[in-house]
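Enquirer: So you can see what is in the structure, the chains are spelled out below.
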Amino acid sequence: MDRLSADCRRIILEQSKRANVGHIGSALSVVDIITALYMRVLRIPSPGDPDRDRFILSKGHAALALYAAFYMKKWLNQEELNTYCCNESYLGVHPDHKLKGIDFSTGSLGMGLTMGAGAALAARMQTSKRRVFVLLSDAECNEGSVWEAAMFSAHHGLDNLIAIIDLNGQQALGYTRNVLAMNSMSERWRAFGWDARDVDGHDIQAMTDTIETLKETRGIPHVLIAHTTFGKGVSFMERQIKWHYMPMNDEEYEIALREIDHRA
Amino acid sequence: MRRPFIRTLTELARKDERIVLLTADLGFMALETFSESFPDRFFNVGVSEQNMMGVATGLAEAGFIPFVYSIVPFAVLRPYEFIRNGPMDHALPVRIIGIGGGFDYGTNGISHYGLEDIGILRILPGMNIVAPADHLQACEALKSTWNLPMPVYYRLGKDEVNTIAGLDGRFEFAIPQLIGKGTDILIVSIGNVTNEAAEALKILEGRGVQGTLMVVSHIHDSMRDNLADVLKMFCLAITVEGHFVNGGLGSLISEVVAENGLPCKVLRCGVRTFPNGLSGSQSCMHTLNGISGRQIAEKGLELLGKMPGE
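Chains A and B, in that order, give the protein sequences.
Just so we're aligned: the first sequence equals residues 564 to 827 in the numbering used here.
Just so we're aligned: the second sequence equals residues 947 to 1256 in the numbering used here.
So here's chain A without its partners, still in its complex pose (with noise of 0.2 Å):
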């Protein structure tokens, strides 16, 4: 494991056990995908610069993960991070626009592609270079809205927009197979005329070499399905539906601590 997504995974860890919330199974699912945009893939000279990367974290739910990765660039001091679900704080469990680095606020599935879309849209009438990366999760792709987006992005060719499809298999009462099948995810992106791509959704440099090769690609929107596992890191929530929603005990924690240290 990188040690970057070893110290996001123990930020994710302890700020969950801290506020004692939940949806620590997707945070842990999407920080290696977080971690190498956010590391390795973003020009963001600046929060604020108008002509910077957007990203959009469309599974709004996995915030935390987000909120680590604003940590370790230095976006958020500890003492911020640690007011994530406390009163008056804007680290609530989904992004809020109004905190620094959030292009977009999320927490509705199914909306964050279309603002993507409109975003990719307007870097290119700016001629701006500038890329739009949105990241979704794979049951997300049930909100009719995300096709109503890829179907614009493919007719505009818009080849400034990459999707990342968090593809773990999971969502919120149950397995994907089980709840809608969303079977052959790339195939059914490549039929509305994407550019898809496999990927390890936890191995960070292979997800960077991939979108390093994306530009060869033109005239189309690319969307890389990253296969990732759900609570990934922590064996006892490794594809467990329960760590959808749960908090931790005491005990619960002093384990997946030690797991993430002895993987790191």
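Hints are supplied without guarantee of correctness; some may be wrong.
[To be verified] Keeping only pairs whose Cα atoms sit at most 20 Å apart, straight-line, the calculated SDA-like set for lysine to any residue is:
#1 A:Lys661 - B:Asn1031
#2 A:Lys661 - B:Met1034
#3 A:Lys663 - B:Lys1252
#4 A:Lys661 - B:Gly1009
#5 B:Lys961 - A:Gln689
#6 A:Lys661 - B:Pro1071
#7 A:Lys661 - B:Gly1072
#8 A:Lys692 - B:Glu978
#9 B:Lys1252 - B:Leu1213
#10 A:Lys663 - B:Gly1009
#11 A:Lys661 - B:Arg1030
None of these hints come from the bench; they were simulated from the model.
Dock chain B against the given chain A, drawing on the hints supplied.
Expert: Below, chain B without anything else, positioned relative to chain A:
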């Protein structure tokens, strides 16, 4: 109001490159002035109103002023959550153009009626609702609101021929427009039923009742005091709207009267029952729902203690 409005928008777009027009595949014979002048700033997104609102949010975040176009229920009801979480939450200058409103699409049936748009949008703090009474006012309203920092909803009726006598296209931010000087009764109207309200006033005058017509064309948090200033001069007000009776103009006026403790009785004329499948012209639908000029006048006479037949 569509063509004059889009012509005005095209003129504004000539001076300001931030203006972009999106449509969800509607606007035949209405949008061509813009689309032919600025093909690079015109996008038919297809039949996808949710995506249209999301795209507009993304464009606005980058500095554009996107106008999105559809028929009222498709422009407002379908993407409502996208409006709330997008331009409202991010305080972005997205402009929603809703065509129709009330029973403007009379023979098209319930799917095309706009009977709850004002209610669900006016509860969002900061939202601007612009509902012009005629096409002259629509153009003036656009000229004075297109560059506001917050979202604006334009509710445009289809009539682009008739005008409201005495209004002369006047529009002022947060200020209702008054027609007439009578003190017996205040008739308050919004948007494309103002012709019915004006007709009612005329009938009342024929019966010796002197009234004033207050045209509310802009709804915004900042305009409540301006409404109260007018309402405090009357003992009786009738509100007229092509909208369900709860949540829209009549509710707004009642709130202002109650919050200011004004001694003014309010009668709300609006749509009281869910459409039952019968459709017809706009005028027919107004009569079916008790909001024709004659019916409004009769209610006024009744309230004033004058029998309609007297």
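Enquirer: Check whether the Cα positions of lysine 661 of chain A and arginine 1030 of chain B lie no farther apart than 20 Å.
Expert: holds (16 Å)
Enquirer: Hey, lysine 663 of chain A versus glycine 1009 of chain B, does the alpha-carbon distance stay inside 20 Å?
Expert: The given pair, whose Cα atoms are some 18 Å apart, holds under the 20 Å limit.
Enquirer: For the pair supplied as a hint, lysine 661 of chain A and glycine 1009 of chain B, is the alpha-carbon distance within the 20 Å limit?
Expert: holds (17 Å)
Enquirer: Is lysine 961 of chain B within 20 Å of glutamine 689 of chain A, Cα to Cα?
Expert: holds (17 Å)
Enquirer: For the pair supplied as a hint, lysine 661 of chain A and asparagine 1031 of chain B, is the alpha-carbon distance within the 20 Å limit?
Expert: holds (13 Å)
Enquirer: With the threshold set at 20 Å, check whether the alpha-carbon distance from lysine 661 of chain A to glycine 1072 of chain B stays at or below it.
Expert: Between lysine 661 of chain A and glycine 1072 of chain B the Cα gap is close to 17 Å, so the pair holds against 20 Å.
Enquirer: Holds or violated: lysine 692 of chain A with glutamate 978 of chain B, Cα cutoff 20 Å?
Expert: Violated - the C-alpha atoms of glutamate 978 of chain B and lysine 692 of chain A are around 31 Å apart, more than 20 Å.
Enquirer: What's the verdict on lysine 1252 of chain B and leucine 1213 of chain B, does the C-alpha distance respect the 20 Å limit or exceed it?
Expert: holds (16 Å)
Enquirer: Is the Cα-Cα distance between lysine 661 of chain A and methionine 1034 of chain B 20 Å or less?
Expert: Holds, because 13 Å separates the two Cα atoms, which is no more than 20 Å.
Enquirer: Against the 20 Å threshold, does the CA-CA distance of lysine 661 of chain A and proline 1071 of chain B hold or violate the hint?
Expert: holds (17 Å)
Enquirer: Given the hint that lysine 663 of chain A pairs with lysine 1252 of chain B, does the C-alpha gap stay at or below 20 Å?
Expert: Answer violated: lysine 663 of chain A to lysine 1252 of chain B is near 64 Å, above 20 Å.
Hint violations for this structure: numbers 3 and 8, all remaining hints satisfied.
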